[in-house]
Amino acid sequence: MTDVGGAATSSGFDKVVASAAEAVADIPDGASLAVGGFGLCGNPIALIEALLAQGTADLSVVSNNCGVDDWGLGVLLNAQRIAKMTSSYVGENKEFERQFLSGELELELTPQGTLAEKLRAGGAGIAAFFTRAGVGTQVADGGLPRRYDGAGGIAVASPAKEVRTFGTGDAAAEYVLEEAISTDFALVHALRGDRHGNLVFNKSARNFSPLAAMAGRICIAQVEELVEPGEIDPDTVHLPGVYVHRVVHVGTDIEKRIERRTVSAPSSAAPTTPDTKGA
Numbered sequence: 001m002t003d004v005g006g007a008a009t010s011s012g013f014d015k016v017v018a019s020a021a022e023a024v025a026d027i028p029d030g031a032s033l034a035v036g037g038f039g040l041c042g043n044p045i046a047l048i049e050a051l052l053a054q055g056t057a058d059l060s061v062v063s064n065n066c067g068v069d070d071w072g073l074g075v076l077l078n079a080q081r082i083a084k085m086t087s088s089y090v091g092e093n094k095e096f097e098r099q100f101l102s103g104e105l106e107l108e109l110t111p112q113g114t115l116a117e118k119l120r121a122g123g124a125g126i127a128a129f130f131t132r133a134g135v136g137t138q139v140a141d142g143g144l145p146r147r148y149d150g151a152g153g154i155a156v157a158s159p160a161k162e163v164r165t166f167g168t169g170d171a172a173a174e175y176v177l178e179e180a181i182s183t184d185f186a187l188v189h190a191l192r193g194d195r196h197g198n199l200v201f202n203k204s205a206r207n208f209s210p211l212a213a214m215a216g217r218i219c220i221a222q223v224e225e226l227v228e229p230g231e232i233d234p235d236t237v238h239l240p241g242v243y244v245h246r247v248v249h250v251g252t253d254i255e256k257r258i259e260r261r262t263v264s265a266p267s268s269a270a271p272t273t274p275d276t277k278g279a
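Residues 1 to 279 in full-length UniProt numbering are what the sequence shown lists, from first letter to last.
Hints in this document: simulated from the structure, not taken from any laboratory.
Just so you know, even glycine gets a beta-carbon here, dropped at the ideal spot from N, CA and C.
Check before you lean on any hint, since a few could be wrong.
Quick list of in silico lysine to aspartate or glutamate cross-link-like pairs, EDC-like style, CA-CA up to 20 Å [unchecked claim]: (1) LYS84 with GLU104; (2) LYS161 with GLU104; (3) LYS203 with GLU174; (4) LYS84 with ASP29.
What follows is a list of derived Cβ distance ranges for each label pair [said to hold, decoys possible]: (5) ASP141 with GLU104: 20 to 28 Å; (6) ASP69 with GLU22: 22 to 30 Å; (7) ILE126 with GLU231: 26 to 34 Å; (8) GLU22 with ALA173: 48 to 56 Å; (9) ILE126 with SER88: 15 to 23 Å; (10) SER204 with ALA172: 30 to 38 Å.
Construct all of the structure, not just a fragment, from the sequences and the given hints.
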């Protein structure tokens, strides 16, 4: 039997559940979640909406960002179901700003590459690592606001982290210690998946989704296309099924959004023949 593109057919490996509601039913209040997606790309919206519907609250969420006011993780935030966010980018969301500045929401702001590596390390069983990102800033020295008191003061600030020097001579440099992240659950969206949980992500949705999936002790994946084991070429698998515990088929017509659509106005000028003299 195999997890990656093999021909195993035992029903014991079938991880498909009937609905998003069933897939998230055991996520309790106070759970920690790693959620995939990059901006609004690859948001596991069916799973997020199922969590919203069942009323789960007091969540600690780790994700690159928190969606927008009415989409992605923003729907949980609007319902005040999120107690803490660990993120890299917190723009595009006015309610996020309001809750953070009013002291309703805790925020652990983390450099994007560091956040990705913290999730990967959590999934790989690595307790911590040293990185140069953040050395000489409040990321390492401490003092970043994590929670405001609602009156403009800082109620909780980030602590100082261990900094060590590695290398000798001109190669010597300081590095800051960052602890890995592992969570109770992970929620991700994939372009394609099989019944064993092997997943393929689409373009920039691959930035954080495999890492978030690895970090969750229980990973739940919604997939646009569900195929049988063996139909995905092993060389194209982005995340092996060993990391995935439940699969929900949501179909290819699921709504997708982008933060901002930017288009160019069509030109009304008639095309001209380029001057090729001397070319």
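Exercise for review: Any hints from earlier that this structure breaks? Give me their numbers in increasing order, please.
Suggested key: 2, 3
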